[in-house]
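Residue numbers (my numbering), protein chains in the order written: chain D, 36 to 428; chain H, 36 to 428.
Keep in mind that the hints were calculated from the coordinates and are not lab data. Misleading hints may appear alongside valid ones.
One copy or any two copies: either way a pair holds, since identical chains are not told apart in the list.
Straight-line C-alpha distance at most 20 Å; calculated DMTMM-like pairs for lysine to aspartate or glutamate [claimed, not checked]: (1) Lys334 x Glu303; (2) Lys334 x Glu218; (3) Lys254 x Asp190; (4) Lys68 x Glu269; (5) Lys359 x Asp322; (6) Lys254 x Glu271; (7) Lys254 x Glu321; (8) Lys245 x Asp388; (9) Lys408 x Glu269; (10) Lys334 x Asp305; (11) Lys148 x Glu369; (12) Lys184 x Asp155; (13) Lys254 x Glu269; (14) Lys408 x Asp103; (15) Lys408 x Asp342; (16) Lys178 x Asp388; (17) Lys254 x Asp322; (18) Lys254 x Glu218.
The chain contents come next:
Protein chains: 2
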Amino acid sequence: MLKGVIAMDKVRIGIVGIGNMGRAHARYLLDKKVANAELTAICDSDPEKLHWATQAFGDTIRCYQKYDEMISSGVIDGVLIVAPHYDHSPLAIKAFKKGLHVLTEKPAGVYTKQVREMNDAAEKCGKIFGIMYNQRTNPVYQKLRDLIKSGELGDLKRTNWILTNWYRPQSYYDSGGWRATWEGEGGGVLINQVPHQLDLWQWICGMPVKVRSFCQFGKYHNIEVEDDVTAYVEYENGATGVFVTSTGDAPGTNRLEVTGTMGKAVIENDTLTFWRNRMSERVFNEDFKGGFGFPECWKCEIPVSGDNRQHEGITENWVNAILKGSSLLAPGTEGINGLIISNAIHLSTWIDDWVHIPFDEELFLEKLMEKIKTSTFKKLKNKAVTFSVDGTH
Amino acid sequence: MLKGVIAMDKVRIGIVGIGNMGRAHARYLLDKKVANAELTAICDSDPEKLHWATQAFGDTIRCYQKYDEMISSGVIDGVLIVAPHYDHSPLAIKAFKKGLHVLTEKPAGVYTKQVREMNDAAEKCGKIFGIMYNQRTNPVYQKLRDLIKSGELGDLKRTNWILTNWYRPQSYYDSGGWRATWEGEGGGVLINQVPHQLDLWQWICGMPVKVRSFCQFGKYHNIEVEDDVTAYVEYENGATGVFVTSTGDAPGTNRLEVTGTMGKAVIENDTLTFWRNRMSERVFNEDFKGGFGFPECWKCEIPVSGDNRQHEGITENWVNAILKGSSLLAPGTEGINGLIISNAIHLSTWIDDWVHIPFDEELFLEKLMEKIKTSTFKKLKNKAVTFSVDGTH
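Working from the sequences, and respecting the hints, build out all of it.
Encoded structure:
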């Protein structure tokens, strides 16, 4: 029998954290949108939220205020972790120790050291470990990855992602005391909004080897963490990349351009266009004697098909990995890659210098702890608010 | 009588430098594409090129091997400088001293110190001084500038120019011994191809106050200067910007995005689209209480009209300034702005650090001279080749 496959016909899931996103996960599970999955338990340390869950979901779901009780209850086969970022790793490690499968929300954690411990625990326990990189279900990104992995784009020359469509107004940040603080989240747009795209960036284009970045903190909002980021990276083969993101731009842009020796691919407005060189630019460069000229290039509209099932898709993929041993689209252990880029971007700004990957993880943690310790930011004492997350990620 | 206006009905022009671009200028002047302008003289130190010019243009045009003779000849009212970059400033200064009007090709010079001397000479002499920033005649850039100057885009937040459509194959670089050397050109794509867009960038968005850049030298070609550049800038109000250029990408991109508090404008494929916020994002940010939401935004296709007469347009505008006292679209003294950005981008890479504007011009010059002195680059000993520049800038 394959690793993680056990004789059962459905996976009983417990959700830890029943705020905005936890509720969204609970709803599609209760609506039976994911085959062979059953929501059997919910855990939240906040009694009011638990009370709300009982009212909303009925008493067939077991409610726990203590995580340890839920994972020892015997009513779940796996946990879906929708807790604050810092808690992802410790909660996952506890679950693995109880022999449970784990699907964690992004980010994998706040700092890589923590995530390495989680990955080690997953490895030792042998259970199915997934991460909610629900943008990996988007066929347009899958197709671009396919185009690169197949070699049809040639050798990588340049990547450029303008990803500024993560707009958030001040009321979003005021809605929870943990939001957008070093202590509560460990970062801003990098750690909350763009982990998906940092993951896709490396999933599609590979990991950079050095980073020089420019974060601006509390630029557009009354927060202490970054809400505006420009990062420059270089890859092992000398290719360059730019990643721009913000929660302050309205309207924003989501445009990913990847250039290789065989042409250029652009994803914008959920369509993929490939400007395909008939011959490699590198060959043309050497052979063409006319001074001014270009390789012949064909504009190709690349067909993209398949559902983009997002959260449901990732959860179902994880459930199938548990029940049928099928491969994970977003293995939990890959969560560290996007976080490495995220941490490197923070660190580069903090030290105002290059960060080479692998970077000094102790230094990052030291700097992060310093931010927490020296924080003078006073949150508005608003009551925590739960918004609908329909249409967000 | 207005400054520079003299009683004459046409401007007699002498061109210095009759290579690729010089020939293009000569042709449209001979074809009478520019009203009230007459090509009366040509100067080139290369006897073969002069011979070619006599054959091609006939003997009504005076040919000079020595620039001093041409500017003392009495047969010209103004010079069009199409010489190597380092010579722009000294040639212009000589012409001003003879009381001639000057229209210089871009770049204004190779280093700002040199250009300041040229600007001083122009100021003292009071003659009409223009620069061949022929992209300023493009109505689509004029319109974007108008949109910003009128305040309709609001306060600047972000600029992003991906300008990688300056592809050049190796044969281009092999076609002249001066090309793409520190001694011959003083730089690569920054000094030869993109001065136009560095000018437009500052003309439209204003000057940055600090620059952190990443040039790669001889990355895609057998040259010693930069052929791949990524630059990050910040403006006085904290807005950020990115400028990416290369002569190694095929096919390239030319996409300028400018974001302000009132929305976002994008120029791509020679069209201007404005995503217009109905209210300022800054006001929405404070007033909206729903957590997730955006200012109402209208996608506006901005009409752009008018001819883009490029080189002919700039020459005619300069001629009209001489004859009629009309204002210059591209005053020569503004040439220094794009060069400041260009020099700052070089310097930032050389010192691997931030460059604040105004920067240390002596340091830049010192570093440039060091590059020239320590150059070990050996050019292929090809005969100089003259290509057609139809369709290039």
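- [ ] May I ask which of the numbered hints given earlier this structure violates, with the numbers listed in increasing order?
- [x] 2, 4, 5, 9, 12, 14, 15, 16
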